[in-house]
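Heads up: the sequence lines are chains A and B, in that order.
Taking the numbering used here, the leading residue of the first sequence gets 1, the next gets one more, and so forth.
Taking the numbering used here, the leading residue of the second sequence gets 1001, the next gets one more, and so forth.
Possibly wrong hints are sitting among the right ones.
Claimed, not checked - Covered stretches of chain A (chain B as the covering partner; in silico rule of three or more C-beta atoms under 8 Å from a C-beta of chain B):
1) 143 to 157
2) 309 to 322
Claimed, not checked - 30 Å max Cα-Cα, derived BS3-like pairs, lysine-lysine:
3) LYS1086/B / LYS146/A
4) LYS1168/B / LYS192/A
5) LYS298/A / LYS1258/B
6) LYS120/A / LYS1236/B
It is worth saying that the hints were derived from the structure and are not from the lab.
Just so it is clear, CB atoms sit at the ideal spot from N, CA and C, and this is done for glycine as well.
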Amino acid sequence: MIAAYLEIRDGKIKKSSLEALSEARRRAAELGVGTAAVLVGADVAGLAPAAFALGAAKVYVIEKPDFADYSPQSYTLALAAFVGEVKPAALFFAATAMGKDLAPRVAARLGAALASDCTKVAVKDGTLEFTRPIYAGKAFLSLRLKTSPKLATLRPNVFPLGETVGGAGETIRLEIAVPEGSIKGRVAEILKEESAEIDVTEADVVVSGGRGLKGPEAFALLRGMAAVFPRAAVGASRSAVDSGWIGHQHQVGQTGKTVSPELYIAVGISGAIQHLAGMSSSKFIVAVNKDPEAPIFKVADYGIVGDLFEVVPKLTEELKKALSD
Amino acid sequence: MNILVFVKRVPDTESRIRIQHETRTIVEEGLNFVISPYDEYALEEALRLKEAKGGTVRAVSVGRDETLVILRKCLAMGADEVLLVKDGSPETYDGLRTARIIARAVERRLAGADLLLFGRQAVGADNSQVPAMVAELLGLPQATVVTKLEIDGPSATALREIEGGMEKVVLLLPAVVTAQKGLNEPRYETLKGIMAAKKKEIPAVTLEELGFGPDELVSAVETIGLDVPPARQAGKILQGDPAETARELVRLLRDEAKLI
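Bound conformation, chain B alone (with noise of 0.2 Å):
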């Protein structure tokens, strides 16, 4: 079976996000970037249905030069394959732009698969929109937020995590399937899986050679502001006995903040 995983560059999630006022952006400078943490559930899972079923595994990221190294990363994994769409533009925050390439260089480089998976949201832009949007593009059947996937045969069984349960949803593939925590436990990278992945070229690909005009890609997302929230202010703590904080607590729950 061929599969396709999307991965994303994004700082890691002990990040402390700044701002850069004037440009309204993330200040870049002294973050550590890693593979989007759902991304790597996807590519788990792309290589435990290779080693079961045979196959390929290809990683794909739309991004700028420094994405070579998750890129790297994923080769040292176990992908086959990786490829670079390269794309200059900082964030967008517009999935939609995302995921017209994304649909674009499935087309035109990585034709044949049988499944397309993602992580269920980059973590930092938090959309949850390019799968959604890559499979209405590309006319395939959809399972987002999936904890259990089965494949069998030409069809796919994905639960997906709904309020207060879950949703099984059969698939005919190719499908699009996004990875949420619980689908399985990533594994770490090989030293052999690094050796190797340090000395392939990786080939990459530009949004003209996909056939996009200047124009085309222009974003629909207007950024108007950028900020951090309002920092919290401490509250009162209270010391002492068990039972007359847990009393005091619940009076000013009741008295000051009305919530009881």
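Looking at chain A on its own, in the form it has when it is part of the complex (with noise of 0.2 Å):
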């Protein structure tokens, strides 16, 4: 079977685990093996149905009080545990902040190597291939894992999400033991951004500037373009960052994020190649930039040549029009 681990946050499954579980369907519907699904927390068998829905057969469910903050530490054991018992052929996780925390440190207790933050998954030969960028998006590296089970995290945005093919199915659940004072960290908060606004690798579309934008007051008009998408976050470029005018936690490249969302629109970002690195796997790209030689617009589907303060604004305005029709 392939599994998928489903990550739990503010008691809802992530959508990117949504999309590695019917990632982990669509590959063992060609291996011809089963669907399964793994959930870990303090109370959470209730979220099984969202699972099956996606064509997981069955849901493993690890409940203790202990599990309700996530932890490393006591996660691992939980996933160690099911992967002794159950043995699927294939775990795979989100490549998130949880995933690529916890999956790293599943695979050297389990003592099998993992394929990070992939972007494809194949069956050849019987066996799954799977292919992640590497320098950022620079290179792509195509590789099969000679441990078992074959474990690796699925970048977010990329794989789509499956079918709901309605359906049952069986919730089985497997007692773990945490070994007394086995835990060394913990979660003790979770301080959620004022804004609310969801993070560029997560976002549908990403609007980001660049030094054109002058300063950080101008960011304003990349926030309001932004506001007219449902699932859009602001990006920047590594000299916007680098200057203070928004947080790293918005930097798009190779000392950033990656990012693959639907929409990429650059705004006043000329294209440096560790900015290109980080965003050119995007379904759509598209540049506004005064200067015409920009190296932004070889890489654009679209590009506006122009000021950018007049530019924006008339295209928020009819981005709305087109969008409210």
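Using the hints, put the two standalone chains together into the complex.
Written as structure tokens, this is what we have:
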């Protein structure tokens, strides 16, 4: 079977985990094996129907009051126990903050290699083959894992959600023991960003600004444009972040985040190679820049040569009109 | 407090990556190699903690002899000691292999550390695997992708980035922490530091000396293919009146790209 670990935040399964489950189901169908999901938490069995709906035949539930808060150590024990008991052929995670924190620990505990941040999973010669960007997308590596189970984290926003197939399934509870004193780290608190903006890695639309914005104020223009879309985030180039115009969590590029939204709008970004690496896998790229020679236009599907301070308000207005139709 | 910092030699982020297709490796010729940028934040944090609380900072790297250059930079920035773990193997992309080497080196050569600092990922392989694996192999707690770190007696409090916010994590030392941009602003080496680093003998340990047999570190990652992404085609570029170009762009997004 191929299993997906379903990450829970705010009492809900993360969309990127459902994407990982969808991919697990597609590849499991190709291999002729079953699909399962794993839930870990204090009170999570009620979330199983979301996994059944996407075609998981079995949902394994590992519940304990101690699991109310995520801890890489305790969740590793839970997932290692799941693998030991159920022996899946593969276990997928979403490559989120939690997935990237947890999957390597699980891998080390199981003595199995891990494919990180994959953008493609294929079946060849009856085995799974993973493709992942390296150098932030300047190159792509395809690999096979010689160890079992095949462990992989899958990049959010890349794998499509599967169709809802309805259907019920079997919920199976697993009991695990957490030895006293073995957990030496805990989450004391989760601090939410006040704006409740979604992360650039999870957004369908990213509106990014660069040096051309000339200062922090102009990011308000970009926020205004982002607000037109239902799931949009504001990104930034390294020079905008290094100038202190916006927080580094917005940075897109090789020392920031790699994004692949449906639509990436680069405003006042010339397109340094380390920035292009972080956004070239976006499905559509739009660039607004006053320099017609800017490298960003070489990767853009559509571009406007012009003064961003004139173009962005007009564009926002037109987008608003189009989206309200 | 005794701090270990793990650093990796990588091509700088301005590098254009070319592929040697026969060997499925990156062409190294012409690339400028540096300390992975996130590792610099880790080293800076170690140096600041040492300045505040005393102790030692030891920088460690796994790699070929070329790696000595970045270890000298660590010395020039202020590390007290460095260690090269000699590994002649080309990049395997197998994080667990590297983690095993590091965990063994910590146990046999670098015991007694209170804090193990890493960059949140090595720029290049982009695995984000090794630190959490080392933590698991050594039975230590971890906080990854950290932008703020405070040490208070036997425990550490770290703020780590998650989607849409931060997790405040409390760890019992010793612990593994990985540095994210924003944690600090790394210092430059001083001329004096560079001169002193040049003269320093850099100790090295081989994989055999760490007790690894010849077959123990075979990569579990088999590289099937390595390629650069297909170049994107430049698209339609609009020039002229802002209102008109904006209208035309939205029309293209709707009618041609079918995005809205």
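Looking back at the hints listed earlier, which ones does the structure fail to meet?
Hints that this structure does not satisfy do not exist here, as all of them hold.
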